[in-house]
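S.K.: Given next are the chains, with one letter for each unit.
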Amino acid sequence: MVKVTKLVTSRPIVVFCVLGFLVTILGCISTSNWLTTTESLINDVASFTGDLRSSLVSEFENIGKFSYPKTNLSTIGLATVIDSSYLTNNDTGFTNIQTQIAPLLFEAYSTIPQVSQVSYISRDGFLFSYIRADIDTSVAVYANSSSSSSGGDYTWYTQTVDQITGRLNGNATKSQPLDVTHTDWFQAAQRNNYTTAFLGTSLGGGDNETLIQSAVSLFSKKGVVLLGFSVKSLTDVLSRLSLHGEEFYMWTKDGTVLVRQGSLNASLFISNGSICFGGRESKSVRSQCIPENCSSSGYEVEIKRSKFQAFCSHLEVSGVPLRYTVMFPNDGGATRIKHQAKKALYQFFVVTIFVAFGWPVWFVWFMVRATRREMHMRATLINQMEATQQAERKSMNKSQAFARASHDIRGSLAGIKGLIDLCRDNVHPGSDLDTNLKQMNVCAKDLLALLNSVLDMSKIESGKMQLDEEEFNLAKLVEDVIDFYHPVAMKKGVDVVLDPHDGSIFKFSNVRGDSGKLKQILNNLVSNAVKFTVDGHISIRAWAQRPGSKSSVVLASDPQGVVSKFFKCMFCKSTDQTEISNSIRNNANTMEFVFEVDDTGKGIPMEMRKSVFENYVQVRETAQGQQGTGLGLGIVQSLVRLMGGEIRITDKAMGEKGTCFQFNVLLTTLESPVSDMKVRQDIEAGGDHISTPNLGLTVNTSLGGGSMNIRNLSPRFNNCLTSSPKQECSRVVLLLKNEERRRVTEKHIKNLGIKVTVVEKWEHLSYALERIFGFSPQSSMGRAECSLSCPSARELPLIGMDGIDSRSQLPKRRSNSFNAVVLLVIDTKTGPFLELYNVVKQFRRGLHHGITCKVVWLNESSTRVSERGDISCSGPLHGSRLTEVLKMLPEFGGTGLKETSTELQRESLLRHSFVADTSPKHKLQEEGPSSGFNKELGKTIMAPTASESETWFKSVRTGRNPIGNPEEEQGTSMPSNDEFLRGKRVLVVDDCRITIKVATGRLTKMGVSEVKPCYSGKEAVRLVTEWLTQREQQGSVNRLPFDYIFMDCQMPEMDGYEATREIRKVEKSSGAHIPIIAVSGHDPGSREAREAIQAGMDGFLEKEMKQDQLANVIREVESKMNAQATL
Amino acid sequence: MNTIVVAQLQRQFQDYMVSLYQQGYLDNQFTELRKLQDEGSPDFVAEVVSLFFDDCAKLINDMSISLERPDHVDFKQVDSGVHQLKGSSSSVGARRVKNVCIAFKECCDVQNREGCLRCLQQVDYEYKMLKTKLQDLFNLEQQILQAGGTIPQVDIN
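So the protein lines, in turn, are chains Y and A.
Mapping of the first sequence onto the UniProt record's numbering: residues 1 to 1127, in sequence order.
Mapping of the second sequence onto the UniProt record's numbering: residues 1 to 157, in sequence order.
Simulated from the structure, these hints should not be mistaken for laboratory data.
Where a beta carbon is used, it is the ideal one built from N, C-alpha and C, also for glycine.
Incorrect hints may have been included.
[What the hints assert, rightly or not] Pairs of lysine-lysine residues, derived as DSSO-like cross-links and limited to a Cα-Cα distance of at most 30 Å, are as follows:
| hint | chain 1 | residue 1 | chain 2 | residue 2 |
| --- | --- | --- | --- | --- |
| 1 | Y | K761 | Y | K491 |
| 2 | A | K133 | Y | K307 |
| 3 | Y | K394 | A | K133 |
[Claimed, not checked] What follows is a list of derived Cβ distance ranges for each label pair:
| hint | chain 1 | residue 1 | chain 2 | residue 2 | range |
| --- | --- | --- | --- | --- | --- |
| 4 | A | D74 | Y | P429 | 29 to 39 Å |
| 5 | A | A57 | Y | G411 | 28 to 38 Å |
| 6 | A | N2 | Y | E471 | 42 to 52 Å |
| 7 | Y | D434 | A | T150 | 47 to 57 Å |
| 8 | A | N112 | Y | R1087 | 19 to 29 Å |
| 9 | A | H72 | Y | R410 | 48 to 58 Å |
| 10 | Y | N589 | A | N2 | 55 to 65 Å |
| 11 | A | Q135 | Y | L834 | 48 to 58 Å |
| 12 | A | N61 | Y | N589 | 53 to 63 Å |
From just these sequences and the hints, can you work out the full model?
M.R.: Dropping the structure here:
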């Protein structure tokens, strides 16, 4: 269609011509067809008309020939009869006539058809004749005296006749006599052939009508018999013939027009036996005469401007010769059809021409108009698009300008804050000015926070927000966020609970992604939850799942379902976003992490749910008294989408208060987790079910639903599980204040396969303890179970089930090989501490020996607890803290009182918030084994141990101060590395005294016993050679001079590379290998770093010598050397 | 009374530290350095810092001598000096000095004497500035200790 339009528009005239040509050709074809059809039709009609004419002519002939031939015969017959009677009677007087001839006449009069006059005229002039005067009256005209007798008294009488008898009746009236005997016809009849015919008026009667008369002379020539027939009857017959517009004229030789029929009203006269039309004298109208010989073919004659075709012929009626002519009008019959056909043809031509020109013109015009309209629309569209683009550009520019501006504002604000701080320094604390300044500071901080959110928004809007990918521990991050908000929430009496759901979050806790933004999202949601929740709890659920499996969130974000999918298929270009996210989904390492922040606050009304994610929208009813820009959730949504996920508010069950935000993000999990945190989580998540000591094995668990990959299990743990196939189960008793926390913690511990007893109120504690352990604690599970099924279900609702669970899952672990542990976790907020303590004390006293009872006090100062030899835990009991508590159970490698694991004891000493048993017994055990342990287990064990405690410390520290950059956190993890290099001797080579000083400080802090500074490469080489020769002399092979050498790369005289090469040369002879670690200002991975390795150095460290980097490098070096050693 | 004084001093100290970080005089390395200081080495930071300043003075002096003569400058020597200065400044956490050193080194690499001189002046200025700042800081520390307080931990965030 468009092509046609284009064609038409581009060459309208050509198209017009082509179309016109086509239509003309069509018209011509149909015209010729039309013409032939008409031609044949005309021919048909012509032949038909010809037939009609000839039949008409023959009809005339017939009438002439057959109607009146007998008149002659009748006359002759009558004459013969009269002759005979006249012969017999010689009397020729009138009386004779009246008596003898009259009856004969009357007989003939009545019998001969159509006769209207029968007469007998004697030579003397006697006359007797019957004349039909009217249809039913006849008269007799007679002359009873001879015309030649007495001059002057020759009279005719007319008398009516009785129709039936023929007798005269009535009165005779005189009528004008006619000298009959001297007429032409009388003479002619007398003279030749005795018979003649003529046209003449009747002898008498009313009106002297013209008759065709035939006269026959008697043989005796005494008289003439005359029969007359009415011309009128002839003309009537002729008139009765149907004439279709033809003109019909009949006339006698002498010029009397007998019949004149037709519509033509022209004057005519007969001249010379032929008929002429037009005025006889007038010159104006030329007279037209039809010649005599026009019988065969028609003669064209024009009368009064109408053309006629005349046919003429002779006709003899009763011996009277008549001429007639029939004129057919030229505009009738075939001619008329011809004319009409011609007219129709013209009409047809006109129409064809009109169509041939009109239609293409219309078509072209229409097309041109359509195209013009389309062009117009396109132009409009282009304009619109340009306008849109411009608007978008403007908006983008605005956003960017806004971002820049807010950046500047932030700078100014920072200045203001700094100035406020400066002012405060000069102000006496506590004064009004000080408080004002403080408030100003708070205001400035708020302003800054506000600005930051606006800045984030504009960043996102201007598309500058990008993901900052790094490796991080997801579980820790979530825990950090919760720990940060926990104190704030607890102040309001709201508990913040981490619900690990199925524990999958721990399995895939090492991920790669933007931790900062994820934290921002969680912070925002949790802070919102804390802000709007007055009582109850806030639980944060997190779990991992395969992307796209049954991601409810993603599904929910796609409400159009099939239709939208269809459209997405249709318009592939518009689905870049989805494709990207799909590609992310298809990545094998990508996991989908779903988070739920569930509070019991006011909730968000249904109709507001969609708009809360829009910028600058706040739920008015709930926002009262709460500040904020309403940007938070908008930013959160943008961030979530940036991370390939979707956020929504899920519906809570009827009757449940609050809001539940659910969002998912896509993060890459790390295939080979380096961090030892993994071990911890693995132990926590599924370690319970391990039964083989092999590393890296996959164990199927009935809980959690999936397989868990266990790596690097601590030997102690494996040992514990494998060596004791039959052991008694431990039990955890929870006394927690918050219901949700009770539920979550119980579920979590149960998932690990540990029996849990939950006590709701502190008053029930002693009762519950009695119930559980009232009988011999070593009694079989069945008995315990039996006893447990008795107490009221409300207080101990899940105990019975616990028994079944643990029996089915841990059938092998029931034995006496080591003693079960009862772990009491008591929240001191549930009741008075002293009372609780008494209960515990009583319980302890009553315990069968062989069962260990450990108590963890929550929310209690460590001093008070540690005095009593228990452990205190501050901060919410979940995540790593819960893991740590559970690690005290023998199932997880924890120690009973009899067994002392040096490793764990040492670790417990390092705890800050946990205060391990400080009984002298433990202390004594602590010191010795720690060094012995190192020697026994070797350095390989050292590293993970250190890092394990390091991560532990991180979590503990961040429990107090969770929000901080990772760098800082790593910095705070120093104490854990204290013992890392215990007893090592280190050579530090650097030309810069300061660096040496710093390095010395750091290394000493890490437990290095001797740091030997060395200010040049040469000196270092000298020292090493010296020492090596010494060693050879002494023969002490075992000890290296230094455990590590830290070598600066760039030094005057001899740089690090050269020095290293020298040292390696020297070493070769003795076969020793001192690890040399390059220290340089360059990045690891730079050219210098490679050069360092090529030179023979073992590791590379940045100049700052950060603690964790140092530890990592040393670990690497160690593992390398161990590998070489084993080879 | 004493506690109030201590508290005020402590806060002043904290704020001062923060300002030093914010103004970019110091970076995290300094924090690290401070963490290394304990009972075993109470004056560790001061020692290191004074060493650093001595070095600075010496190196800057050397470099200025090297750069003195316009026609023939021993850029190699200057370069090694700058490198040393950069190393030591990053060890101490003197951020500004380090930054200037980076620029300085670039100038050295292209043997731009004018630029080198400018950088030298800047380094000189920066280290002296830092010196006075740190002097103040140490004085504050001394005051706190004399008043019987402890040096507060400063979180730089």
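S.K.: If a hint holds in the structure, say so; if it does not, say that too.
M.R.: Hint check:
no.	hint	in the structure
1	Y:K761 - Y:K491	holds, 21 Å
2	A:K133 - Y:K307	violated, 140 Å
3	Y:K394 - A:K133	violated, 47 Å
4	A:D74 - Y:P429: 29 to 39 Å	violated, 56 Å
5	A:A57 - Y:G411: 28 to 38 Å	holds, 34 Å
6	A:N2 - Y:E471: 42 to 52 Å	holds, 49 Å
7	Y:D434 - A:T150: 47 to 57 Å	violated, 23 Å
8	A:N112 - Y:R1087: 19 to 29 Å	holds, 23 Å
9	A:H72 - Y:R410: 48 to 58 Å	holds, 49 Å
10	Y:N589 - A:N2: 55 to 65 Å	holds, 60 Å
11	A:Q135 - Y:L834: 48 to 58 Å	holds, 54 Å
12	A:N61 - Y:N589: 53 to 63 Å	holds, 57 Å
The structure fails to meet hints 2, 3, 4 and 7 from the earlier list, while all remaining hints are met.
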